[in-house]
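Engineer: Sequence:
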Amino acid sequence: MVNKTLPVHSDINKTSEITSDLAGDFSDMNIVRESKPNVNTGTTITPQLSVTDEKSMFKSLFTEDSELEIEKEGSYHWHIKDWKSLETRSHSPVFHINGFPWRILLFPKGNNQKKAISIYLEVAPPEENGIKEGWHTCAQFALAVSNPEDPANYYSNTANHRFTSEEIDWGFTRFYEIEDLGQQNATGKGPFLNNNEIVISAFVRVVKDETGVLWHKFVNYDSRKETGYVGIKNQGATCYMNSLLQSLYCTNLFRKAVYQIPTEKDEPTKSVALALQRCFYNLQYSSDPVGTTELTKSFGWDSLDAFMQHDVQEFNRVLQDNLEEKMKGTPADGAISKLFEGKMKSYIKCINVDFESSRIEDYYDIQLNVKGCKNLTESFDNYITVETLEGDNKYHAEGHGLQDANKGVIFENFPPVLHLQLKRFEYDFMRDMMVKINDRHEFPAEINLDKYCSNADKDGPYDYELHGVLVHSGDISGGHYFALIRPDTTDKWYRFDDDRVTPVSKKEVFEENFGDEPHRDIKDNQLSQPPFLNGNTRINSVRMMKRFTNAYMLVYIRKSKLDEILGPVEATDIPVHLSKYNIKLGQRRLDDERATIEKRKQDRQDMHLNVKVAVVTDESFTDYQGFNLAVFDDRYLEVSPHVDVFKTPKTEKISVLKQQLMDHYHLEPNQFRLWSILFRQNKTVRVDHTLTPADERSTVEKMREKTCANALANGFTKFYLEVAEKDKILPPLKNDQMLVFVKYFDVKKQKIRGLGHIFVSLNEKIGAVLSVLVEKAGLPKSTSIQLFEEVKPTSIDLLKSDQTFRKAEIQNGDIVCFQRTLSQKESDELAKQGLITSAPDYYASLYNRCCVLFKPKPNVAQAQHDEVRIVLDRTSNYNAIAAQLASKIGVEYSKIRFTASHPITNQPREAIQYKPTVRLEEILSNLPKPQDYLQYVGFEHVNAPILYYEVLDVDISDLESKRSIEVVVLGSNLRKETKVSCLVSRAGSVGQLLDQIIVKGKMETKDPSKIRLFEAMDGKVTKEFSNDQTVDNVACEKSAVVYAEPIPKDELEMDLDTDRLIQVVHYHDHPTSFHSIPFRFVAIKGETFEETKKRLQKRTGLGDMDWKKVKFSVIRNLNAPEPHVTPIDQNDFELRKARLQEEDALGLDHVDKSSKSRFSNVFERGIFIRG
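The sequence shown begins at 14 in this note's numbering and counts up one residue at a time.
There may be inaccurate statements among the hints.
Claimed, not checked - When the alpha-carbon atoms are kept at most 25 Å apart in a straight line, the in silico PhoX-like pairs for lysine-lysine are as follows:
| # | residue 1 | residue 2 |
| --- | --- | --- |
| 1 | Lys739 | Lys762 |
| 2 | Lys407 | Lys420 |
| 3 | Lys128 | Lys72 |
Said to hold, decoys possible - So the derived label-pair ranges between C-beta atoms look like this:
| # | residue 1 | residue 2 | range |
| --- | --- | --- | --- |
| 4 | Ser814 | His915 | 48 to 58 Å |
| 5 | Thr1101 | Thr1043 | 23 to 33 Å |
| 6 | Asn956 | Ala781 | 17 to 27 Å |
| 7 | Gly791 | Val884 | 39 to 49 Å |
| 8 | Gly903 | Lys1111 | 39 to 49 Å |
| 9 | Gly195 | Lys928 | 21 to 31 Å |
Hint data in this document are derived by calculation from the structure and do not stem from the laboratory.
Note that this is a predicted model, so its numbers are computed, not measured.
Note that beta-carbon positions come from the ideal geometry of N, C-alpha and C, so glycine has one too.
Make a model of the complete structure from these sequences and hints.
Structural biologist: Here it is in structure tokens:
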């Protein structure tokens, strides 16, 4: 028995957590709005399932998933009994689910296309249904069409969407082919339209928005309003700095300590303390994202440093070193050590005799292994693991000889704020490269550390709560940092991601940042195959992103100190001079905020009540250089210059609008006609027909829906205003007449001129109007012309003069363009001048226009040039591109070399090989498509791809005869590095290379004989060069790094008879893997090691905190598989007496803090902050 009675509506309360896990794969189906919704592909269900079986339908349509909590589910069935009588835009009755009024929006003849019906789910007008301003609701939904006689015969599509006042509807523009509605398709489904009846069903599942930003597109998002916090602008590659600054800012006691540093007389660009105070002040009170240019200038950084991504831990240590120095002798003195400093004991204890050697060390963070450890507890267990020294590795105990011993560390105490660095980066010896460890590593919300500490504490147990998670998303070649922070003692977490702050769930804090590769035993060095190589890219794309996103630094706060450390920062804690400085700025911000709020309010009112009307006239496209008659940007509500725009109520009749236009243009009723403008299926915009009496009785909103590419989005109501010649009336239209618009391509002026319109008879030959066109252009009557039709941007077709307009398929609104016929000789001469000789080629040049942002390559030492934004032809070759750039920056085009940028991070990549014929669209893989530009009035709404450039000393074509050598120029210490690229003749000398290095590296030392050029590999000096050697000997090995350094004063003045020049290397724990920059150092006869260490610290540039951790040793036979190591424990040790040979070295045993140890192929220079 066929069920003909369909339930109208049911509203079911659900408590189970069911949702779709396809959210990540829905984005391809959006054809309703510019932003893409999450849409599943259309599916037909087995005949046994009926649309009236609500429970089974929900189970079938939406896949189980525990991530989202369901608030309510409901369905509605709209039985349409007279399909043919439907209006072009129709609504179902309103139905309610979870307190919201819903309805189905239907375009039975298609929306913006005519082949398929368009169906959307819409929230009924909120203001009419008592929904308050600022509302939103999140829903998964399915729309289905079914046969009224057979509810098991249906077709459905699913999607999920965040419904707001800005995006009130969502759905499917091409839901189902119109011609197939009444027949059975190839899969056996259908017909759905039966006897002019059909049922359209909506299945709506409203889900809980736990964070308030579920499926948010973040258009006009206000971080301060939504979270109480604001973000920090990214200067280029400063996300690592932003994430740490937010963490320190939210450590309120640290913020108070920074405010306590006296800075009244400081200049912000020269005082780190003042610049940081002002940064924190702005984070506390600003309503907009905070800039850090002032802060980085106070660090002594230039624009290059802002484009160099560094390591969070390294930046934290350098910043705190600097601040601790500034805090000495102030009320903030000791604040950093009180907050972050703990103590640990390194010991070696003999097993068989009563002897122990130990040393107490301060620490400000703890580096924990990830590899081989499943969680944080295992990492701490691993950290204090005891090593037994026995056999050949016995310990030499003073007074006891060689002894078996236990070697290890134990914590003496833990600080109130505990910074834990997870070692996500390491050197892979098998692959001879740095790799990122993406293993799963779990960390808890709370942890007790008592068992790792040798002493009990008077303040109670070492119980800690998680306060912050700093995350690195990416791999060794680059990536992005953001911070997840719980700013107070509540359970609310926020994501601080550069200029945006959003609420997050606990799952986003914990599970999504544990890492996503299978756990591996520490002995297992095999890496699993990357997901993008396993042949299942689409399925693994989301997993691949998760795999490379994981916690990198954890911030825990001791429970007993939570209230003290996270106590509120009051106005009384802020220096008076900060408040005074910002009072004017604050008032200005307040005024701006009020103006912005008022404008948004007005815009919302306008959007609900008014519509903008764009009117094109013959005069408006006279100077227009583009396709169609104008550009109508319905998204940003912009039009080409000279197109008139009026604002009118949505409900106003077009007849009323006509009267207003008469008044505005001073016209009589018989002097003008209004024509509609429509988007054609070939995506062109054309005048369509004169308005009928029925059209004039409709509203401007109704006409807008017809004239916009997307009826559901905001946009213009568009008209063409045909005006009679001066003091004349319009002649009546004839049945066979077509309105055609005329453009003239002036070859000499290289531009198009709009000449208005003409009427042509369909049976008339094209050649009959040529004389009229010649006259319109003001050309001599005898001028021969060629005529083309502007069919679409990629099709400018020649019209034959012996054809009729009917045969040429000319219709109302078509556009023709003509030009003078050129002789071959004239055409060749113009081409030699670089001029375009034909209308189709000119249109092609318009179509191929694109905008590129040229930036000076940041890691080359040269005279700085400006960023330049240039409109180019995407088919331009290398030399043409360089020539246009050269004319802007005032250099020779032949000396410009381009470097590609990463399409996501925008960081420089490899230099582009010089090929004169290579085209711009081949150079820039991320160049937007031509269609992306055509929809906008200007280029500002399209992201301009970045192309880096540098100005060479020689012609780029001459590079074949020269060598490019990259040299790291060292300053007075090893922390000050500048990377330069030098071009030298292959037969040139080291002395000639040094001459370039001195200039490019801006070295203070100008005498090449007082500069050392050396190579290092694997952390050891491998070559030193004399000035008369040829450059063929330099940088022969790919992995070698070339350094140039001014020879230190103590070396220039050393006693050659008594002092000795030795090598110093850096390592950590085992002298088989060296890091950082090795260097030459003078061992002075008679100097105590205490004095030697002072010179070493000055040379390395390490801060006091890091220097305290350095251990010293004499390494014999440096290149042996197992070098012999003798620790230096006594301050009266004399380095000169160690008699180090060329194959020996002084070893500095310390953790590698240089960012290059982790990202050696990404980060170009070490980090520093000006003292």
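Engineer: Work down the list of hints and note, for each, if the structure agrees.
Structural biologist: Against the structure, the hints:
Restraint check for lysine 739 and lysine 762: the C-alpha separation of about 29 Å exceeds 25 Å, so the hint is violated. At roughly 11 Å between alpha-carbon atoms, lysine 407 and lysine 420 fall within 25 Å of each other, so this suggested pair holds. Of the pairs offered as hints, the one joining lysine 128 and lysine 72 is violated, with about 31 Å between alpha carbons and a cut-off of 25 Å exceeded. Range check, serine 814 to histidine 915: Cβ separation about 53 Å, and the 48 to 58 Å hint holds.
A C-beta distance of roughly 43 Å is found between threonine 1101 and threonine 1043, which places it outside the suggested range of 23 to 33 Å. Asparagine 956 and alanine 781 have their C-beta atoms about 48 Å apart, which leaves the hinted 17 to 27 Å range violated. Under the hint 39 to 49 Å, the C-beta atoms of glycine 791 and valine 884, about 30 Å apart, miss the expected range. Remark: the range hint 39 to 49 Å for glycine 903 to lysine 1111 is upheld by a beta-carbon distance near 43 Å.
Taking 21 to 31 Å as the suggested C-beta distance range, the pair glycine 195 and lysine 928 does not conform, at roughly 58 Å.
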